[in-house]
Amino acid sequence: MNIIELKDVSKLYGFGDATTVAVEEVNLRVKKGDFIAVMGPSGSGKSTLMNLIGLLDRPTQGRYLLNGRLVDKFGPRKRAKFRRDTIGFVFQAFNLLPQLTALENVALPLAYKGKTQTKRLKQAGNALERVGLADREYFYPKQLSGGQLQRVAIARAVVNAPDILIADEPTGNLDSGASRVVMELLSDLHKAGHTIMMVTHNPELTRYANRVVFMHDGNIIADKDSDVGQVPDIARKMYFRTRKTEEDDLEGVSALMDAIPQDDKMTKKKTKKKSRKKSKKKEAKQ
Amino acid sequence: MARDSLRSSRWRSFLTMSGVIIGIVSVVTVVSIGEGLKQQIQADITNRGPEVITVLPGHQIERNDEGDISYYNPLQSVGFSLTEADLADVRDTVGVEEAVPFVRVSGAPTVNDDSMNGAMVIATDGDVPYALNQELRFGTFLDNEQASGNRRFAVIGKRVAETLFNEPAPTGRSFEVGDQSFTVRGIFSEFESSALVFASPDYNNAIFVSYEENKRISSNGQHIYQILVKPSNPQHAFQTAQDIDAALAQSRDGFRDYSVIQQAETVSLYEGLLNALTTAIAAIAAISLFVGGIGIMNIMFVSVSERTGEIGVRKAIGATNGQILGQFMIEAIALSSIGGLLGVLASFLVNYLLRILTDLQPVILPEMMIIATAVAFLVGVIFGTVPAIRAARKDPIEALRSRL
Numbered sequence: 087m088n089i090i091e092l093k094d095v096s097k098l099y100g101f102g103d104a105t106t107v108a109v110e111e112v113n114l115r116v117k118k119g120d121f122i123a124v125m126g127p128s129g130s131g132k133s134t135l136m137n138l139i140g141l142l143d144r145p146t147q148g149r150y151l152l153n154g155r156l157v158d159k160f161g162p163r164k165r166a167k168f169r170r171d172t173i174g175f176v177f178q179a180f181n182l183l184p185q186l187t188a189l190e191n192v193a194l195p196l197a198y199k200g201k202t203q204t205k206r207l208k209q210a211g212n213a214l215e216r217v218g219l220a221d222r223e224y225f226y227p228k229q230l231s232g233g234q235l236q237r238v239a240i241a242r243a244v245v246n247a248p249d250i251l252i253a254d255e256p257t258g259n260l261d262s263g264a265s266r267v268v269m270e271l272l273s274d275l276h277k278a279g280h281t282i283m284m285v286t287h288n289p290e291l292t293r294y295a296n297r298v299v300f301m302h303d304g305n306i307i308a309d310k311d312s313d314v315g316q317v318p319d320i321a322r323k324m325y326f327r328t329r330k331t332e333e334d335d336l337e338g339v340s341a342l343m344d345a346i347p348q349d350d351k352m353t354k355k356k357t358k359k360k361s362r363k364k365s366k367k368k369e370a371k372q
Numbered sequence: 124m125a126r127d128s129l130r131s132s133r134w135r136s137f138l139t140m141s142g143v144i145i146g147i148v149s150v151v152t153v154v155s156i157g158e159g160l161k162q163q164i165q166a167d168i169t170n171r172g173p174e175v176i177t178v179l180p181g182h183q184i185e186r187n188d189e190g191d192i193s194y195y196n197p198l199q200s201v202g203f204s205l206t207e208a209d210l211a212d213v214r215d216t217v218g219v220e221e222a223v224p225f226v227r228v229s230g231a232p233t234v235n236d237d238s239m240n241g242a243m244v245i246a247t248d249g250d251v252p253y254a255l256n257q258e259l260r261f262g263t264f265l266d267n268e269q270a271s272g273n274r275r276f277a278v279i280g281k282r283v284a285e286t287l288f289n290e291p292a293p294t295g296r297s298f299e300v301g302d303q304s305f306t307v308r309g310i311f312s313e314f315e316s317s318a319l320v321f322a323s324p325d326y327n328n329a330i331f332v333s334y335e336e337n338k339r340i341s342s343n344g345q346h347i348y349q350i351l352v353k354p355s356n357p358q359h360a361f362q363t364a365q366d367i368d369a370a371l372a373q374s375r376d377g378f379r380d381y382s383v384i385q386q387a388e389t390v391s392l393y394e395g396l397l398n399a400l401t402t403a404i405a406a407i408a409a410i411s412l413f414v415g416g417i418g419i420m421n422i423m424f425v426s427v428s429e430r431t432g433e434i435g436v437r438k439a440i441g442a443t444n445g446q447i448l449g450q451f452m453i454e455a456i457a458l459s460s461i462g463g464l465l466g467v468l469a470s471f472l473v474n475y476l477l478r479i480l481t482d483l484q485p486v487i488l489p490e491m492m493i494i495a496t497a498v499a500f501l502v503g504v505i506f507g508t509v510p511a512i513r514a515a516r517k518d519p520i521e522a523l524r525s526r527l
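As you go down the protein sequences, you meet chains W and H in turn.
Each residue of the first sequence is one higher than the one before, counting from 87 in the numbering used here.
Each residue of the second sequence is one higher than the one before, counting from 124 in the numbering used here.
Hints in this document: simulated from the structure, not taken from any laboratory.
Note that beta-carbon positions come from the ideal geometry of N, C-alpha and C, so glycine has one too.
Wrong hints could be hidden among the right ones.
Here are some of the chain W residues that sit facing chain H, going by a computed Cβ distance under 10 angstroms [to be verified]:
#, residue
1, Phe101
2, Lys164
3, Leu194
4, Lys199
5, Lys201
6, Thr202
Residues from chain W that keep clear of chain H, each with C-beta distances beyond 12 angstroms, as calculated [to be verified]:
#, residue
7, Arg170
8, Ala179
9, Ala220
If you anchor each label on the Cβ, the simulated ranges turn out as follows [as the list claims (entries may be wrong)]:
#, chain 1, residue 1, chain 2, residue 2, range
10, H, Gly449, W, Thr204, 52 to 62 angstroms
11, W, Gly263, H, Phe413, 51 to 61 angstroms
12, W, Ser231, H, Glu521, 24 to 34 angstroms
13, W, Thr204, H, Thr169, 54 to 64 angstroms
14, W, Thr204, H, Arg133, 48 to 58 angstroms
15, H, Glu521, W, Asp303, 53 to 63 angstroms
16, W, Ser231, H, Gly449, 26 to 36 angstroms
Chain W extracted, bound-state conformation (with noise of 0.2 angstroms):
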């Protein structure tokens, strides 16, 4: 059974002139257990359906069935219970509360089903355990690593067992090591039955996805379904067909930035998405 199904869904911004088309009459099948990687250039489209799929926001066309339920027509009060049951997110900047500590992150889908506080820290703490933090549990986000925040992350968003786990470019803010190690516990999760759809711009990470989805100007344009453990030829070729470009002169640039500490990283990454966007476009009119 398909526990995703999109039937010519759409998503505009925008009025008239300034309509902008996020998601074009988009159609996708998800079975439950499948690990799919999303990909595509940014301004693809890629978060807007994850937001679509998510819960977080609704289709301007076309019909949702999210576990067999027409979820398109929902109103906001149903739609946040669904999404509350259903689905977890992890975002590429982790976004756990800071006044919390880590178990109390753990436990806030908790509190929002109504589940008293003993029951929601035992289950806050067996998540923890599951991601292997269980010694962490009182630790402040400020106290942890990228990669161990993410992984607090990961646990808030399987606490609930939701159905499907959505994960926005979980590695984004992660060095290869953490990278790893959060790749290792979403294929777990896959191994143990979650269905996981992941957007990433890093094809190697295909790798842990059973399925690759390549998004571009709001089209599906590649969906091919891929062994667990091989970058599919797609992928890179995907990948790389945006880098052909004297973009690469501003590779070098990008990796004498990789010589900078940490913090200005989120600076770097966005200045190379939107120059890779400027290079699609010339692209285009050549």
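Assemble the complex: chain W is given as a structure, and chain H must be docked to it using the hints.
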């Protein structure tokens, strides 16, 4: 959750609460001062005896159909006075046990050229200690037989004794009023100081001399400014007052240039006045509560926009709009309610200071505390709603873009 965010910015929370604290303190203090005055008046009246009837010159009061005082203007007494005939009428009324006339005598008492300007000399007749419900500390009160001798006697209040003679019991010593000499034969024990000086004079400053003596020596006529009446049966004080009123009306062919008031009635009279005054001042003080509420609203707006990212995360992990609304409402209500409780506590401190530093005896009633806390709670509800609605309506996708 609300607790966490309040805890994380203690200073800001406290400053925000201070608006409510100040508002609650000012309202509670004003009301407690009013309540204190009311209780003092009550106590005064009880001390003097609630059954005592006062006959005053001039048409000072008006009564409605139920017999309650509907209008009161003490200025109506100016230029009027009661006569000896009135006094006789009052004394002849059934149910009157004792009727005591008060006449002001002009002039200041002097001892060895030292005079006491604050003293009031009152010529009177009858059992004044009984009518005033006050005992003598030393000596005995005037009686007509003894006043018939050559010497003229006087009974003085405690402060007169202290000021004029510098001793607590100057029995047998003498003083002059004008060209007349008086000998002290009694000193009153201390009169409880009255809350409202204009309601009843401070008899600690009084010198009582004989009515008959004064009539003999004074060149002016006798202007009785007040007759104090003790009814023989306190239970029937109301009936007696009506009888006196009727008797006086009859002798004047219905022309009512006099007023008959029961002591108990003066309570409600002054209570009405105090209530109006207290309400007016409390209303002004309540403005600061309103300002405090605006402070809470302001800080909640700041908090909502600062925590946009947090709202986004909470929504993403499944918080409904109602739950977000609830969280921010609870925060606003916690701010205002804690402010209210602290305000009530601070009111006790202010009360204590007022009691030490001033003559006021403010009283905080339990219902004042409950109402103050309830009002503070309401302030939170009223001023927290709009920011909370704004928080609840935030678009989760937009909200997730801002920093945590």
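Outcome of the hint check:
| no. | hint | result |
| --- | --- | --- |
| 1 | Phe101 | violated (17 angstroms) |
| 2 | Lys164 | holds (9 angstroms) |
| 3 | Leu194 | holds (6 angstroms) |
| 4 | Lys199 | holds (7 angstroms) |
| 5 | Lys201 | violated (12 angstroms) |
| 6 | Thr202 | violated (15 angstroms) |
| 7 | Arg170 | violated (2 angstroms) |
| 8 | Ala179 | violated (8 angstroms) |
| 9 | Ala220 | holds (21 angstroms) |
| 10 | H:Gly449 <-> W:Thr204: 52 to 62 angstroms | violated (21 angstroms) |
| 11 | W:Gly263 <-> H:Phe413: 51 to 61 angstroms | holds (58 angstroms) |
| 12 | W:Ser231 <-> H:Glu521: 24 to 34 angstroms | holds (29 angstroms) |
| 13 | W:Thr204 <-> H:Thr169: 54 to 64 angstroms | holds (59 angstroms) |
| 14 | W:Thr204 <-> H:Arg133: 48 to 58 angstroms | violated (28 angstroms) |
| 15 | H:Glu521 <-> W:Asp303: 53 to 63 angstroms | violated (23 angstroms) |
| 16 | W:Ser231 <-> H:Gly449: 26 to 36 angstroms | holds (34 angstroms) |
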